[in-house]
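Undergrad: So you can see what is in the structure, the chains are spelled out below.
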Amino acid sequence: MHQILRRFASTTATTTTTVSPKWEIFASVILARPPVVAPPMSEVESRFHRLQMQEEQEKSLLSNYELKTKQDEKMLARREQLLREGKELSELDEEIGVTNAVREDDWKKAADDLNAKWQFEKYSNPSKGAEPRNVQRELDRKLVLIVKQKMGEKKYASPWIFPQMKNKEGETLRQTAERCIGELSGADHLSAAISGNAPLGVFTHRYPTPIAKKTGATGAKIFFYTANLSGSPQEFHVNPEETADFQWVTQEEFWKTVPGTDYKKAARFAFLE
Amino acid sequence: MSMLSSFARLSLYQTRMIHQTIPAASSVFMKRQKKIDPEVAKQREARRRKRLEKEIRQMQKHSKKPKPVDELTLDVKSAKNIGERRRPVIELSMEQIDERAIALKDYTRSRIALQQKDDAWIRGAIESQRKALVELKKLSPELYNAAIQPAPNDLPLTIHGPTLTPPIKNYEAPDGDYIDTTRNWAS
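Line by line, the protein sequences give chains A and G. Just so we're aligned, residue 1 is where the first sequence starts under the UniProt record's numbering, counting upward by one. Just so we're aligned, residue 1 is where the second sequence starts under the UniProt record's numbering, counting upward by one.
Some hints could be false.
[As the list claims (entries may be wrong)] Okay, derived cross-link-like pairs now, DSSO-like style, lysine-lysine, Cα gap no bigger than 27 Å in a straight line:
hint	chain 1	residue 1	chain 2	residue 2
1	G	K138	A	K265
2	A	K265	G	K77
3	G	K117	A	K22
4	G	K77	A	K264
5	A	K168	G	K138
6	A	K168	A	K213
7	A	K68	G	K77
8	G	K117	G	K105
9	A	K256	G	K31
10	G	K105	A	K74
[As the list claims (entries may be wrong)] Heads up, incomplete: computed chain G residues facing chain A, CB under 8 Å, no partners named:
hint	residue
11	A79
12	R87
13	E91
14	S93
15	L104
16	L133
17	L143
18	D154
19	G161
20	I179
21	T182
Derived by calculation from the structure, the hints in this document are not laboratory data. Beta carbons are placed, not taken as given, at the ideal position from N, Cα and C, and that holds for glycine.
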């Protein structure tokens, strides 16, 4: 009986406290740069791929090109033989024509020329280990944008967070998220597509006492929206008035850089690769 | 009562019996029917039937023809010297057979693991979204109502890539025409 009373007392106590708190509503945008190139095959995948190709090759029929190669070999052998016997070769040369070996040499030369011109090797992953501000780094990974926001104050910089913005009166959360992207990029035009009207997750942030007194709110509820950069921008800038610093990070870097386990957990579903 | 009804029936029967011939058939303005030999008529009937049957057969033959799968059919030119195209049969050693079987199993397991990961992610994301919406409903019903509206402008979603190699900076594609050589099977 005593226990029941106590429990009852405690529930009444919590209800009284949940009535009074005022929460500020924030929309936060998880801006992602989708992978540009496919990741390399894993060990299991590449082995399976190699063996499958081998099997397919064994089961296939010879192509015209392969037949021509065989024919070429025969012709060259005959030519050798005739040469040894010291006979006339002119009519045979016409018959041989352009051999596949010659063609392959030509192709190889053309490929080398192209490679020298465009340097495919160098550009296949140009920014491996590039600095985290580069939007073109880690091309085979999904990157997300984290920022140090000023929150409207000149000298303040928040810890590393996803860009966020307070919901205005008469504005839907998605509109807030769109405004957030707009103010993030400032004058530069930034094209990004938010997916869906519903938030992906929520994080509850309780303000420390001085801020709570100042704002008159217990804390903030931050609703996450996901967005993808459209196209493949080579450069990325942020509005320096709004943001002190920014980084493009992979999932692991995100867990290392951003403080607050609960915050990270609330946003963890933005990562899928 | 029953007498009366049977009477009526009787009278009706009789009237029917009276009007046997159709007046139009014997009209003076009608063309006279040519009398044909029943043998000839039978023959004609058989011929017409045969022709129709043939037509139906032709139509069925052409209507239900599936379009050919080019990858599976051998073209006439290559089929001529198909004997030359056979590769020498390769005897696989036990180790090779084992290696292939193991590779296949490993690959299948990796795909299952991937599928399970995806599945867990989808379930988690839906749950996370549900929680967020519940929170939002508590805070502000108006924002909640706006958030649960469908977003038709986001669909259809088209995603390009990822590709095997990144785009080359300042690359100018060579000039040329795009000619679509795909055969049309619509008609």
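Undergrad: Against each hint, give a clear statement of whether it holds in the structure.
TA: Against the structure, the hints:
For the hint linking K138 of chain G to K265 of chain A, the alpha-carbon distance of about 21 Å falls within 27 Å, and the restraint holds. Restraint check: the Cα-Cα separation between K265 of chain A and K77 of chain G comes to about 63 Å, which exceeds 27 Å; the hinted pair is violated. Our distance criterion of 27 Å between C-alpha atoms is broken by K117 of chain G and K22 of chain A, whose separation comes to about 38 Å. Our distance criterion of 27 Å between C-alpha atoms is broken by K77 of chain G and K264 of chain A, whose separation comes to about 63 Å.
With a C-alpha separation of about 18 Å, the suggested pair K168 of chain A and K138 of chain G falls inside the 27 Å cut-off, and the hint holds. Among the hinted pairs, K168 of chain A with K213 of chain A is consistent with the structure: their alpha-carbon atoms are about 20 Å apart, no more than 27 Å. Simply put, K68 of chain A and K77 of chain G have alpha-carbon atoms about 15 Å apart, close enough for the 27 Å limit, and the pair holds. This hinted pair checks out: K117 of chain G and K105 of chain G have alpha carbons roughly 18 Å apart, not beyond 27 Å.
At most 27 Å may separate the alpha-carbon atoms for a hinted pair to count; K256 of chain A and K31 of chain G exceed this at roughly 103 Å. Restraint check for K105 of chain G and K74 of chain A: not satisfied, since their Cα atoms lie roughly 43 Å apart, outside the 27 Å limit. A distance limit of 8 Å between C-beta atoms decides the matter here; for A79 of chain G the minimum to chain A is near 10 Å, and the interface restraint is violated. Annotation: interface hint on R87 of chain G holds; nearest CB of chain A at approximately 6 Å, less than 8 Å.
Because the closest C-beta pair between E91 of chain G and chain A is about 11 Å apart, greater than 8 Å, the hint is violated. Interface restraint check for S93 of chain G: the shortest CB-CB distance to chain A comes to about 13 Å, outside 8 Å, so the restraint is violated. Taking 8 Å as the C-beta cut-off, the interface hint given for L104 of chain G holds, the closest approach to chain A being about 7 Å. Checking L133 of chain G against chain A by beta carbon gives a least distance of about 6 Å; that is within 8 Å, so the hint holds.
Look at L143 of chain G: its Cβ gets to within about 6 Å of chain A, closer than 8 Å, so that hint holds up. Because the closest C-beta pair between D154 of chain G and chain A is about 6 Å apart, less than 8 Å, the hint holds. Because the smallest distance between the Cβ of G161 of chain G and any Cβ of chain A comes to about 6 Å, under 8 Å, the interface hint for this residue holds. The beta carbon of I179 of chain G comes no nearer than 22 Å to any beta carbon in chain A, farther than 8 Å, and the hint placing it at the interface is violated.
The closest approach between the C-beta of T182 of chain G and any C-beta of chain A is roughly 22 Å, which is over the 8 Å cut-off, so the hint fails.
Comparing the model with each earlier hint shows violations of hints 2, 3, 4, 9, 10, 11, 13, 14, 20 and 21; every other hint is respected.
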